[in-house]
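Engineer: I would like the entire structure built from these sequences, with the hints used as guidance.
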Amino acid sequence: MVHALERICDLLKSDGILLDIHPTNEMAAMAVRLQEQIIPAGWLNESDDYVEYEWADEALQHVVSSGQFALERVGTFEFVWHADSMSDLCAYLAEEWKDAIIDDMTAGRIEELLKLPVYDKEILVSEAIRIARYRRA
Amino acid sequence: MAVLLDPEDTETKALHDYADFNGKRVLEIGCGDGRLTWRYADRAASVTAIDPKVEDIEIAVDECPAELRHKIDFRVARLEELDSPTEKYDLALLSWSL
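Respectively, the protein sequence lines represent chains W and S. Under this note's numbering, think of the first position of the first sequence as 355, with each following residue one higher. Under this note's numbering, think of the first position of the second sequence as 50, with each following residue one higher.
It should be emphasised that the hints constitute simulated quantities derived from the structure, not laboratory data. Quick caveat: nothing in here was measured; it's all calculated off a predicted structure. Misleading hints may appear alongside valid ones.
If you want a taste of the chain W side facing chain S, the calculated C-beta under 8 Å gives, among others [what the hints assert, rightly or not]:
no., residue
1, ALA358
2, ILE362
3, ILE371
4, ASP374
5, PHE431
6, PHE433
7, VAL434
8, TRP435
9, HIS436
10, ALA437
11, LEU443
12, TYR446
13, ARG487
Virtual Cβ for every residue (Gly too), placed ideally from N, Cα, C.
Structural biologist: Okay, here's the thing in structure tokens:
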């Protein structure tokens, strides 16, 4: 990762900007929305416990410490996925996020909530995303 | 609807809050199927968008809006395979790819 950031530094103009967007290492929160009510249901985990995002943070810290980039601004935002059903969500995860894990208790709670006789309902998955702007130093 | 990603558009709002893409030469690393590229490319002067996955770049090329085709160069490439450009980039975007 450090090599990639060093390569980016070479490709940027002397005052160029690096904008990095990646999830934090927090588990994604799962909930069910029943009309206006949002009911927490559990968490979506990864088989490697989001370790790659910790590595990304460490690599970014390294290029700041070494004077290649200066951190100008950092924050987080919430990125939410909306799914109609567990089968839709699992099909999507199988394609796009292969090491995602939904434990049985969370899956069961979601299925129970989706069985409630409410017309307007969906599954929500909320990821905390880190966004940071760096300037080539 | 099967799965909808960020219909609230919080990612786009954050993207434009953190960077000014107007008239910039942008390098996007890990562009995937172009999901994020469409959200800023209209403002950029030019975009080089790379991803190592052939199938994702094929989708991005197919789905690229007509009005953006002249300014986005999608490439199947890893960062280390990218030749140094004659003119360097103003902005590099790591889109969920570090």
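Engineer: Min Cβ distance, ARG487(W) to chain S: is it shorter than 8 Å?
Structural biologist: 5 Å, holds
Engineer: Any CB of chain S closer than 8 Å to the CB of VAL434(W)?
Structural biologist: 6 Å, holds
Engineer: Would the hint on PHE433(W) be counted as holding, given a Cβ-Cβ threshold of 8 Å to chain S?
Structural biologist: Since the shortest Cβ distance to chain S is 5 Å, the answer is holds.
Engineer: Have a go at the ILE362(W) hint: is there a Cβ in chain S nearer than 8 Å to its own Cβ?
Structural biologist: Interface hint status for ILE362(W): holds (5 Å vs cutoff 8 Å).
Engineer: Just to be careful: measuring from the Cβ of LEU443(W) to every Cβ in chain S, is the smallest value less than 8 Å?
Structural biologist: 6 Å, holds
Engineer: Under 8 Å is the threshold here; is the Cβ of ALA437(W) close enough to any Cβ of chain S for the hint to stand?
Structural biologist: Holds: closest Cβ of chain S sits about 5 Å from ALA437(W), inside 8 Å.
Engineer: Against chain S, run the beta carbon of TYR446(W) and see if the smallest gap drops under 8 Å.
Structural biologist: 4 Å, holds
Engineer: Against chain S, run the beta carbon of HIS436(W) and see if the smallest gap drops under 8 Å.
Structural biologist: Hint on HIS436(W): holds, closest Cβ of chain S at ~4 Å, below 8 Å.
Engineer: Does ALA358(W) meet its interface restraint, that is, does its C-beta lie within less than 8 Å of any C-beta in chain S?
Structural biologist: 5 Å, holds
Engineer: Under 8 Å is the threshold here; is the Cβ of ILE371(W) close enough to any Cβ of chain S for the hint to stand?
Structural biologist: 5 Å, holds
Engineer: Can you verify the interface hint for PHE431(W): is its Cβ closer than 8 Å to any Cβ in chain S?
Structural biologist: 5 Å, holds
Engineer: Would you settle whether the hint for TRP435(W) is holds or violated, based on the nearest Cβ-Cβ distance to chain S being less than 8 Å?
Structural biologist: 5 Å, holds
Violation of the numbered hints given earlier is absent; every hint is satisfied by the structure.
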